[in-house]
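Chains as they are written, first to last, in my numbering: chain A, 32 to 514; chain B, 2 to 198.
Hints listed in this document are in silico derivations from the structure and should not be mistaken for laboratory results.
Certain hints may be false.
[What the hints assert, rightly or not] Okay, derived cross-link-like pairs now, DSSO-like style, lysine-lysine, Cα gap no bigger than 27 Å in a straight line: (1) A/K480 / B/K198; (2) A/K100 / B/K45; (3) A/K108 / B/K117; (4) A/K77 / B/K198; (5) A/K197 / A/K142; (6) A/K66 / B/K117; (7) A/K108 / B/K138; (8) B/K117 / A/K100; (9) A/K100 / B/K198.
[Unchecked claim] What follows is a list of derived Cβ distance ranges for each label pair: (10) A/D214 / B/K62: 47 to 53 Å; (11) B/K25 / A/D231: 55 to 61 Å; (12) B/R33 / A/S312: 23 to 29 Å; (13) B/K198 / A/D366: 18 to 24 Å; (14) A/G496 / B/F120: 18 to 24 Å; (15) B/K198 / A/E331: 54 to 60 Å; (16) A/T237 / B/A131: 29 to 35 Å; (17) A/D366 / B/A55: 38 to 44 Å; (18) B/K25 / A/S312: 48 to 54 Å; (19) B/Q110 / A/Y449: 53 to 59 Å.
In this text the structure is predicted, and so the values were computed from the model without any measurement.
We put the CB at the ideal spot given by N, CA and C, even for glycine.
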Amino acid sequence: MKYFLFSPALLMGLSAFAQVQVVQGNNSSQFSVSKHAEFSSFTTDKANYFVLKRTEHFEKINTLIVADKSGSVVTNKEIRVDMGSFNNQSGVKDLLVINSTPVVFVENRDKGAGKNVLTAGTIDGNGSINTALITIGSMDFVKMSNAGEWYAALTPDQKHVAVIGKSPYEKGSATQFSYFMLDEKLQVTSKGIFTFAGNDKNIYVTNFLASDKGDLYIIADDFDKSYKYPTLYKYTIGGTGVIVPVVITDPKLKNLNYIARLSPQGDLVFAGYIQKKSTFSAGDPAAIGTWMFNSSKTNEVKTFNFDKPITNATARNLIYNGDIWFLVGEQYKADKVEMTASGPAAANFDETYNYTHGDIIVTGFTADGGSKKFDLSLDRQWTAKDFDQDLTVASGTINNKLVVVFNDQYGKYIDDRYHKFLKLPVAVLISNAGVADSPVIFANELDVKVSSYTLYPQFFNNDSGHLMVLSGNSQSIKTVTFQ
Amino acid sequence: MKKLLSLITFLMVLVSFANAQDQKYVDPDLTRGIHPGTVTTLDKKVLQGYVFNADHVQNQKRCIFYTDYNDGNTKTEYSPSDLVGYTIENLQYKSIPYSGNIGSGKGDQQFVYVAKPGFAINTFVYYTPAQQILWQKGEEDPVSNSTMLFNFKKTLLNLLGDDPDIAAIVNDKGRVYLMMHLDILVDQYNTWAQAKK
């Protein structure tokens with residue numbers, strides 16, 4: 032592996048040729064980013080959309096942040112619905128942006144009627160849900176705790192939504208799915224049901240994606256003893272369901288973690304890290320290489336070795352720039368802090384974690400996933416307690432090159448003993464050949480020494496040539512666009 | 002003696018009325034020191050630079066602005082009569098005439114913290130250092146507890162009465178209800194004004 036260690040002297044000398052510039056948007060109205068948030072993003076010609084998801088007291092709360100193309104935050108609003116009562120519960124299942132219109136999908140479980148109904152409603156510019164919800168589909172159930180599940184996925188053309196409903200599980204019988212294809216106006220254009228022959232166990236869906244061609248990809252994690260691997264359940268509308276266990280052929284190698292994305296051809300591509308199988312393990316898990324799988328070649332899970340093991344490698348993003356695939360990961364560890372409260376009191380406390388964020392790892396694969404082009408690593412080390420949205424890595428493409436954006440230590444680049452531990456936003460461009468340009472630092476552009484804002488690379492949005500990242504302080508957020 | 006007692010009683014009622022309408026807004030949360038900011042001059046030019054954040058009360062009296070925070074020679078100190086307003090990071094201060102809850106007549110110019118920007122009406126917090134809330138529609142004279150003291154409904158109708166729905170509420174409801182829901186009514190007015198645009 033080519034190890035790319037930053038040399039401050041080199042950086043200072045070359046940053047004059049920086050190819051990345053930065054633009055800040057206006058401050059938002061009062062807003063603070065919640066910790067432990069999951070994240071998704073959407074980009075259209077009109078705006079960039081950030082969706083932060085968190086759960087509070089069993090309520091799933093989606094926060095919608097909309098930034099116009101100049102980077103100004105025009106909407107930031109929590110999208111919530113009335114949760115109803117114990118026997119008639121409602122909740123937000125998903126929030127997607129369909130052809131520039133944010134749409135919330137709301138599930139209602141009514142024990143009296145024995146129905147689990149999914150509805151959808153558009154969200155206006157003020158972040159308010161249109162009260163005229165459109166019914167998408169319904170499922171029958173007997174028990175509230177086994178009422179089936181709904182999943183929604185936007186197709187890459189951003190003009191259709193695939194919705195699937197997993198029926199309540201009955202032991203010994205095949206899991207049945209219903210599907211509904213929606214157009215831009217949320218009208219059902221086709222629907223049906225499907226099962227996967229040979230499967231009689233409950234499918235625990237971890238991810239759901241849909242292609243423009245009508246392929247529905249359901250991903251569920253299965254276990255080989257203590258090792259987890261993904262199983263792909265693929266259904267093509269008008270066809271039959273296919274089960275593809277994505278298993279590494281070599282019995283000594285196991286999946287460590289992975290990420291999945293759709294290819295431009297509409298196939299599903301997985302990439303992740305591999306570890307050695309062991310009967311006894313101590314210390315942090317180490318990745319000894321990477322693996323890749325393309326659903327167009329169902330019997331082929333390719334593996335590639337690192338020069339040396341990397342502990343705690345965690346896949347963060349998988350990006351195709353038209354030529355090659357980039358797997359972006361980082362060394363990441365979250366240690367849960369033991370709670371001092373016990374019994375009912377413990378329910379009132381949030382879980383607390385100690386985080387470690389180490390080197391950023393980038394691997395390049397050929398377009399067909401058949402071979403590896405390069406590995407490289409960017410040196411970095413951070414620790415944090417309970418909030419680490421500022422310590423992970425944003426990634427995307429600018430001018431057909433991969434760009435990774437992260438906070439690094441000020442003192443690595445600028446000789447200033449009083450500010451050496453400040454978080455300094457850094458962008459690194461990486462070519463298809465795996466050559467990393469000198470990091471571009473934004474100490475002056477972002478007023479790092481005096482600004483109260485911190486870059487949150489967990490929350491980013493990439494369109495052609497722009498990587499928009501949220502930054503925030505205790506009361507407000509704004510966008511920072513790298514271009 | 003009776004006159005003195007009456008005066009004291011009147012003042013106590015006045016102060017308690019003023020305080021009764023105080024609401025708690027989130028205080029500005031920014032460390033003391035220099036931060037990126039802007040000043041807007043009287044001819045509406047916005048100058049980018051850096052502004053010293055002191056505390057809630059001091060920020061109302063003056064604005065210390067630098068074009069380069071590393072160079073003390075670039076420092077300019079502005080009084081409220083010199084500027085339309087200024088910002089420090091996401092905090093906004095606007096220069097408006099205000100002399101406190103029990104002031105009378107046109108107040109002195111102060112930089113007052115914009116706690117809740119609105120499409121038509123901004124909500125301000127003035128620090129004594131306790132919070133005092135006031136509202137300003139456009140560039141009209143701000144409405145505060147002191148201006149509402151003797152002409153409560155008339156003042157509210159002047160502020161919010163363009164919206165017929167809110168005007169009906171102001172006419173129908175009592176003082177206590179209106180005081181408790183003033184923040185919501187201002188939000189409703191801003192939404193109405195934006196939709197009407």
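Quick one, are A/K100 and B/K198 close enough, alpha carbons at most 27 Å? 23 Å, holds
Quick check: does the Cβ-Cβ distance between B/Q110 and A/Y449 fall within 53 to 59 Å? Given a distance of about 38 Å, which is not inside 53 to 59 Å, the answer is violated.
Holds or violated: A/K77 with B/K198, Cα cutoff 27 Å? 21 Å, holds
CB-CB spacing for B/A131 and A/T237 relative to the 29 to 35 Å hint: 52 Å, violated
Would the pair B/K117 and A/K100 pass a check requiring their Cα atoms to be no farther apart than 27 Å? Since the Cα atoms of B/K117 and A/K100 sit roughly 25 Å apart, the hinted pair holds (cutoff 27 Å).
Need the status of pair A/K100, B/K45: alpha-carbon distance at most 27 Å? With Cα atoms ~25 Å apart, A/K100 and B/K45 stay inside 27 Å; holds.
Is the straight-line distance between the alpha-carbon of A/K480 and that of B/K198 27 Å or less? Distance ~41 Å between A/K480 and B/K198 Cα, so the pair is violated.
Can you tell me whether the CB distance of B/K25 to A/D231 sits inside 55 to 61 Å? Roughly 58 Å apart at Cβ, these two residues keep to the hinted range, so it holds.
Take the C-beta atom of A/D366 and the C-beta atom of B/A55, compute their distance, and say whether it sits inside 38 to 44 Å. 40 Å, holds
For A/G496 and B/F120, compare the CB-CB distance with the range 18 to 24 Å and indicate the outcome. The hinted range 18 to 24 Å is violated for A/G496 and B/F120, with Cβ atoms some 33 Å apart.
Given the hinted pair A/K108 and B/K138, is their alpha-carbon gap at most 27 Å? 24 Å, holds
Beta-carbon spacing of B/R33 to A/S312 - inside the hinted bounds 23 to 29 Å or not: 50 Å, violated
Taken one by one, the earlier hints fail for this structure at numbers 1, 10, 12, 13, 14, 16 and 19, listed in ascending order.
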